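Next come the chains, spelled out residue by residue.
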Amino acid sequence: MDWKTRVRSTLAASAPIPDDDVIEELANHARAMYETARADGDSHDAADRRVADQLERWRFDASALRRTSRRPPAVTPPALVAASHFTGLLQEIRHAWRMLARNPGFTAVAALSVALGIGVNSALFSFHDAILLRPLPVLDPDAIVTVTAASPDDFSFLGRLSYPNYRDLRDRTQSFDGLIADQLTLSSVARSREAVREMRLGMLVSGNFFSVLGVRPVLGRGFAPEEDLVPGRHPVVVLGYDFWKNNLAGDPSIVNGVVLINGIDFNVIGVAPARFTGMDQWTRPAFYVPLMMAPRLGAAPENPLEERALRSVEVRGRLKSGIKQQRAQAELTTLWTGLQQEYPEANNNRLIAVRTELQTRIRSNPANAIISLMMTVLAAIVLIIACANVANLMLGRARVRSREVAIRLALGVSRMRLLRQLLTESLLLALLSGALGLGFAYGGIRFFSSTAQSLVPADLSIVISPQLDLRVVAFTLLTAIVSAVLFGLAPAWQSLKTQVVPALKSTGLGEIGRQRTIGRNVLVVAQIALSMVLLIAVGMLQAGFRRTLALDPGFRLDHLMTMSLDTSSARYTPVQTHEFYRNLVDRSRGLPGVVSAALADAIPLDRGLGSRKAVIPEGHQFPKGQENAPVASAIVDEHYFDTTKTAILRGRAFTADDRDGSRLVVIVNEVFAEAYWPNQNPIGRRVRLNDSQGPWLEVVGLVKTEKYNFITEPPTPFLYLPFAQHEKPQMSLLVESVDADAAPLASPLRDVVKALDVNQPVFNMRTFSSFYRQQAVGPPLLVIRVAAAMGLLGLTLALVGLYGLVAYSVARRTREIGIRMAIGAERSDVVMMVLRQGMVLAITGILLGGVASVAVARLLAAGMAGLGAANAATYIVVPLLLISLTLAASYFPARRASKVDPLRALRYE
Amino acid sequence: MPASCMLCPHMGINALERELKRGSTEVLILALLEERDRHGYDLARLIDERSGGAISFHAASLYPTLYRMEEKDLIEGRWIEKAGQRRRRYYRLTAAGRKALASQRNVWETFFDALNRVARIRHA
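Protein chains in written order, with our numbering: chain P, 1 to 909; chain S, 1001 to 1124.
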């Protein structure tokens, strides 16, 4: 029979019978009585008798058991129940706060340790976020995927599609709410015909661009469907927010006004919102214009939008809700097979792929991803060391805590509740550290953004923007929680294993104490091992960086001024382009203080992957399935090798006779020659460009191998093509000055361009040495500095940990030391004894760390080309450094131990 | 039984006890609820425990008292369900209850004071 029924039947005879909820209340009371009696040791019968007595009394007084209140019996709504849970939590937090406040020294050291660890991680996260992780600034970014069609040997455009292929896929697919296409363009922009033209990065986009991305212009409107149907008909533009704010002073009346892009009047129809910063992490496009304007903007002879083999647009799509990536992939593969059959020439040997934004970013810049991963690992190590410190401090306190815990256990607090209490304390400490860590992160982020921004050219709209935003705060919170678990769980667990009676009785540590010391030793060993790994990594980076600086880039750094021009921005015809560049070089050479001037389509170390050309060297047998090799290339004029002092090893440089219509020629570097014609004279050999139908080019010169893309790159095959036979509108001018510092040439060079065409904008004007610093020295220096800071931090934290442990064990062994000294030990013996303890820990840590760092070194070497193996010096210097520092850290407690007065120590206990 | 029997020692003490108990019930409940919200069994148990069994509160009179106090709006009862537990009726002090507690404490203090001065019950 249940309790309610029993109460009801007892009161059945009385009139009136009490209400249902009174009966329930009495039943609760009866049950509690019974359970308490049983818990107190009563037998079932005895307990039941008590309850029966109580029921009898209720029956006697049944008429008074009535609730006369008119109020309906209230059931507390869930919110209030939650509130009562909340009150419990609040109580626990208050208790935890009291515990932390009671030990301000411990709290400060612990919070600071973890705050440093968290700060490093949060700052790095913001950086990773800026270069890799931050989602596209569009509506529901998770549904956006990229669509690429790359051939296995295609490195150049990372699988861009041609416009006709895009159009066909867009019209046939069922998996997407829309497919968009876009393409970056470098164009001159001016407010009016009279205003100075500036080169800006903008985007050519399909008409559905804004609507598919769910981006609503903050002023005006996006594109109407008909504005992207007819090539060249609708010169309309949506301005980028930053450009509008910074260059047009945020003037709202610009909407319905006009801006000039490459000299064409464009009607401004809208301004993109501030949070829409473009389609990649770097570029902040100044404007968005319909792709259909591409033919007019580029002044291309034929319509690039109708060239099926011209792979120029990046394609993205918004998956229909419920459609998974795999399904879209399957559908597009089918459609693509159809397109391959229809247009085998253009589409052969290409695979279509659907990827998420993150997959795409990692693929397009694996080096960044690897550096990100590496830095994350280093930062995680720092955090682990910091957490180990705090765990160690907490284990040290566990002796005091074990009594508190025992008392509370004796009072009947459940172990689960105690665990919760202890973890609440850790969590509170971690949150405190998180808040402090955000402060450190802020400093780190400021450093990152100023350093990173100085690495990109200032005059284009390229931004690296680590920032302290909600994502970073959320990450910090998460890191704090993880650290709480890292440093809180083990000590909490340890405390819970407390045996009530011995803990209450004993003053010493006994068995539990010894176990704890072992745990603490393990932590310190781990800390030292991890700092060893950190320092080895830093040493490797440092050594690698030194090598980088010592590397011979193969070309001169001083005496050179560079600037870039793009005649398509003034819509020159090929003849005009030819004339313009010929005049430019001639007039520049005529300037006072100028030794020579040369043209190149890109300056060294600034050659994107786009410069790769498909090449078939004469007589070379490719493996089956491969038809050609992608080889990086540059288009240069006849003065280039002389101006940059690139050594010609065999044959000749280009001459004025290598012009359009004459025999096609090419110059290759040593690596190229060695790869395809080993041990042969390359002069007079031939290569084919593009494919088996392409033209033959005769090798006329062999040049020394230089650095082409990165300063750390391995020796790379490379070829040069003469400008006169491969004219293109976008070129850079390299000018050699008489003086080592070429900077004073900037303004006369600008004047030369202005005199030739006032509408021709100049960009990327800089001395080559400053560019080199920016390009080759800056990024590794940033990585090095950050890694070194982390190494230092990790080391400091580990030393604090070691010092704490040795000092603690000295304090614990005061009595033992006293006895030793009383029976004749010398002070020096005591010092040695304590030092030995520190040394054993340090050497164990160093050995373990040495083993671990071999693995880490492999990862590093694989991740950063040119880093190579750590040099032997690193493996000697770091352990020596660690040993001397750990000696120092244990020396102070050792000295204190040697000053122990035997009598006082013995009286103490 | 003659009226003088009221004065017979045994009966006198019983009567005093009864009167005191009845009068003290409310202040005990109010004081316990001042600390925190509690359910009926909790109140009965605490009164028993804290008085060292001297005031063994017969639950027979507890609930009628609670209901009466609720009616007078000194306390407020409500069913509360906690996760994984049976719902229980918790009582809490109302503003009026808080006032009543203060004034009753005053009354009792005056009473004890007077008693003490007359009968030297407490050692001052």
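Simulated from the structure, these hints should not be mistaken for lab results.
Treat the hints with care, as some may be off.
Sample of chain S residues facing chain P (criterion: CB under 8 angstroms; computed from the structure) [to be verified]:
1. 1038
2. 1061
3. 1063
4. 1064
5. 1067
6. 1084
7. 1088
8. 1089
9. 1108
10. 1109
Model, not experiment: these values are computed from the prediction.
All C-beta atoms in this analysis are idealised placements derived from N, C-alpha and C, irrespective of residue type, glycine included.
With 8 angstroms as the cut and Cβ atoms as the points, is residue 1089(S) at the interface with chain P?
holds (5 angstroms)
Hint status (Cβ of residue 1088(S) to nearest Cβ of chain P, threshold 8 angstroms):
For residue 1088(S), the interface hint holds, since the closest Cβ of chain P sits about 6 angstroms away, which is under 8 angstroms.
Going by Cβ atoms only, is residue 1067(S) closer than 8 angstroms to chain P?
Holds, about 5 angstroms.
Supplied contact hint for residue 1064(S), tested at 8 angstroms Cβ to chain P:
This hint holds: residue 1064(S) lies near chain P, its Cβ roughly 3 angstroms from the closest one there, short of 8 angstroms.
Does the nearest C-beta of chain P fall within a distance shorter than 8 angstroms of the C-beta of residue 1063(S)?
holds (6 angstroms)
Does residue 1109(S) meet its interface restraint, that is, does its C-beta lie within less than 8 angstroms of any C-beta in chain P?
violated (29 angstroms)
Quick check on the hint: residue 1084(S) CB to chain P CB, less than 8 angstroms?
violated (12 angstroms)
Should the interface hint for residue 1108(S) be scored as holding, given a Cβ-Cβ cut-off of 8 angstroms against chain P?
With a closest approach of 24 angstroms, the residue 1108(S) hint is violated.
Given a cut of 8 angstroms on the nearest C-beta pair, is the interface hint for residue 1061(S) held or broken against chain P?
holds (7 angstroms)
Are residue 1038(S) and chain P close enough, Cβ to Cβ, to be under 8 angstroms, as the hint says?
violated (12 angstroms)
In this structure, the hints that do not hold are numbers 1, 6, 9 and 10, in rising order.
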